[in-house]
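Here are the chains, one letter per residue:
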Amino acid sequence: MKVKEILTILKGELIIGKDKLNEEVNLIGAADMMSDVLALSKPGMLILTGNTSAQAVRTAIVTDLMGLIFVRGKEIPPETINMAKGSNLIIIKTNNYMYSACGKLYTAGLRGIDE
Amino acid sequence: MSNNQECRLSKYAFIFEDLTAEEIMTKHVSTLTADKKISQAKELMKIKKISGIPIVDDKNLLIGIISIEDIIKALEMGKIEEDIENIMTKNVVSLNKDETLPTIVQKFDKFKFGRFPVVDKNGTLCGILTKVDILHKILDKFNLLYLHDKKRDSILNKELSLITGEKLYREDAEFRHRIDTSDISKAGEGAAILKNFLIKKGINQDIARKVGIAVYEAETNVVIHSKGEGEILCFLKKDKIIVRVIDNGVGIENLDQAMKEGFSTAPDYIREMGFGAGMGIPNMKRFADKLVILSEKNTGTQVELVFFL
Numbered sequence: 001m002k003v004k005e006i007l008t009i010l011k012g013e014l015i016i017g018k019d020k021l022n023e024e025v026n027l028i029g030a031a032d033m034m035s036d037v038l039a040l041s042k043p044g045m046l047i048l049t050g051n052t053s054a055q056a057v058r059t060a061i062v063t064d065l066m067g068l069i070f071v072r073g074k075e076i077p078p079e080t081i082n083m084a085k086g087s088n089l090i091i092i093k094t095n096n097y098m099y100s101a102c103g104k105l106y107t108a109g110l111r112g113i114d115e
Numbered sequence: 001m002s003n004n005q006e007c008r009l010s011k012y013a014f015i016f017e018d019l020t021a022e023e024i025m026t027k028h029v030s031t032l033t034a035d036k037k038i039s040q041a042k043e044l045m046k047i048k049k050i051s052g053i054p055i056v057d058d059k060n061l062l063i064g065i066i067s068i069e070d071i072i073k074a075l076e077m078g079k080i081e082e083d084i085e086n087i088m089t090k091n092v093v094s095l096n097k098d099e100t101l102p103t104i105v106q107k108f109d110k111f112k113f114g115r116f117p118v119v120d121k122n123g124t125l126c127g128i129l130t131k132v133d134i135l136h137k138i139l140d141k142f143n144l145l146y147l148h149d150k151k152r153d154s155i156l157n158k159e160l161s162l163i164t165g166e167k168l169y170r171e172d173a174e175f176r177h178r179i180d181t182s183d184i185s186k187a188g189e190g191a192a193i194l195k196n197f198l199i200k201k202g203i204n205q206d207i208a209r210k211v212g213i214a215v216y217e218a219e220t221n222v223v224i225h226s227k228g229e230g231e232i233l234c235f236l237k238k239d240k241i242i243v244r245v246i247d248n249g250v251g252i253e254n255l256d257q258a259m260k261e262g263f264s265t266a267p268d269y270i271r272e273m274g275f276g277a278g279m280g281i282p283n284m285k286r287f288a289d290k291l292v293i294l295s296e297k298n299t300g301t302q303v304e305l306v307f308f309l
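Those sequence lines, one after another, are chains A and B.
Counted the way the numbering used here counts, the first sequence spans residues 1 to 115.
Counted the way the numbering used here counts, the second sequence spans residues 1 to 309.
To be clear, the hints were calculated from the coordinates, so they are not data collected in a lab.
Be aware that a few hints might be false.
Below are the EDC-like pairs computed for lysine to aspartate or glutamate, each with C-alpha atoms no more than 16 Å apart in a straight line [unchecked claim]: (1) B/K131 x B/E229; (2) B/K42 x B/D98; (3) B/K186 x A/E79; (4) B/K42 x B/E81; (5) B/K107 x B/E17; (6) A/K2 x A/E79; (7) B/K210 x A/E13; (8) B/K46 x B/E69; (9) B/K210 x A/D64; (10) A/K42 x B/E69; (11) B/K285 x A/D36; (12) B/K97 x B/E69; (13) B/K27 x B/D109; (14) B/K42 x B/E17; (15) B/K297 x B/D206.
In this text the structure is predicted, and so the values were computed from the model without any measurement.
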């Protein structure tokens, strides 16, 4: 599934990564605990999270993620966005809560890395 | 256990010479009183899959021990319905709970018993210790190479690798980063810069990622817990990367607990940032090829991570 399809499914807003709309998403997961991301993520993964702190972006950079989808329509602090600007990450925001966002993407065919 | 294995045990006994019987032993021990029937001891051994039972009086003082060999003897002599009192070994060789591993291993060598009851100075039973307990404890310790108090003083602050013994002078480090412990939002900054630095140096992305993750956890620990000042040093060697994350803070109170997944002493505001899940040290262990943590209360903590190229 392409990044732009995910945006459509989640009625998401693309904050960073306009040049990556046609990239293929192969690995996806969800986590609020950054330690879980550090422990379990795979390089190139897209992660849904309710954690909008700058730590989330820093964790994404260190673990070579494809990007982050911030759920619940939370306000993203400017330092989070600034840090992401200097990276290669895709940042998406959706008003869906974590459960619904994951459910919609799963229903659309995106499976977790444990399946 | 063969003689060969016993030799190896005595080798580890030297490395872990400060381990006490109390730390090694199994604490929950099945016991019987001497007025019980030998057949009851046989049933208990069968149910609990054990090969020896300490016999205690009503105050839990150790007065004897009965083993599978005693049961066989009782069966052969038709004494299986007699009291344990009649067949148990009364002069029990036991271990004091403060005895350390080298003397424990010596006792195993000398007496050839499979197990020793562990008692306190009054002779009250506090546990039982088998060779399997020793192996388990040693394996636990290998998760975390651990140096006891007397040796720590001489090693902490030495510019030698804790793992390889190589000289690692601070000024020779290819990468140095002061950890800003005053601002929690900066936790992980050094790890991210280090990872970038490694990629620029031509280190493969997978390894740079592993270093980044392990150092992220170590750095976050310094920021959250140390209440001191910290630094990240990275040494690039021909076949490996050595990273030291050091601080002069409060130290780790209980290393064994800190090693357990899910154990955390982090306050709520740290958890809200997505940390404090009790994964810090386990994550370091997962991504580094070798890990040594040296900590002394109120002196500081040194984490040394080795990644093979």
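### Agreement of B/K27 and B/D109 with the hint, judged by alpha carbon distance not exceeding 16 Å
The given pair, whose Cα atoms are some 23 Å apart, is violated under the 16 Å limit.
### Query
Is the straight-line distance between the alpha-carbon of B/K210 and that of A/D64 16 Å or less?
10 Å, holds
### Query
Would the pair B/K42 and B/E17 pass a check requiring their Cα atoms to be no farther apart than 16 Å?
Between B/K42 and B/E17 the Cα gap is close to 36 Å, so the pair fails against 16 Å, i.e. violated.
### Query
Is the hinted pair B/K131 and B/E229 satisfied, with a Cα-Cα distance of at most 16 Å?
43 Å, violated
### Task
Sort out whether B/E69 lies within 16 Å of A/K42, counting only the CA atoms.
Violated: A/K42 and B/E69 sit about 55 Å apart, past 16 Å.
### Message
Checking one constraint from the list: CA of B/K210 to CA of A/E13, max 16 Å. Satisfied?
### Response
Judged against 16 Å, a Cα distance of about 32 Å means the pair is violated.
### Query
Given the proposed pairing of B/K42 with B/E81, does the C-alpha separation stay at or below 16 Å?
10 Å, holds
### 16 Å Cα cutoff - pair B/K42, B/D98
31 Å, violated
### Message
Checking one constraint from the list: CA of B/K107 to CA of B/E17, max 16 Å. Satisfied?
### Response
14 Å, holds
### Message
Would the hint linking B/K297 and B/D206 be met if the CA-CA limit is 16 Å?
### Response
With Cα atoms ~35 Å apart, B/K297 and B/D206 exceed 16 Å; violated.
### Given hint B/E69 paired with B/K46 - CA-CA distance at most 16 Å
Given pair B/K46, B/E69 holds - Cα atoms ~14 Å apart, limit 16 Å.
### Query
Does the structure keep A/K2 and A/E79 at a Cα separation of 16 Å or less?
The hint is violated at about 28 Å.
Of the numbered hints listed earlier, those contradicted by the structure are 1, 2, 6, 7, 10, 12, 13, 14, 15.
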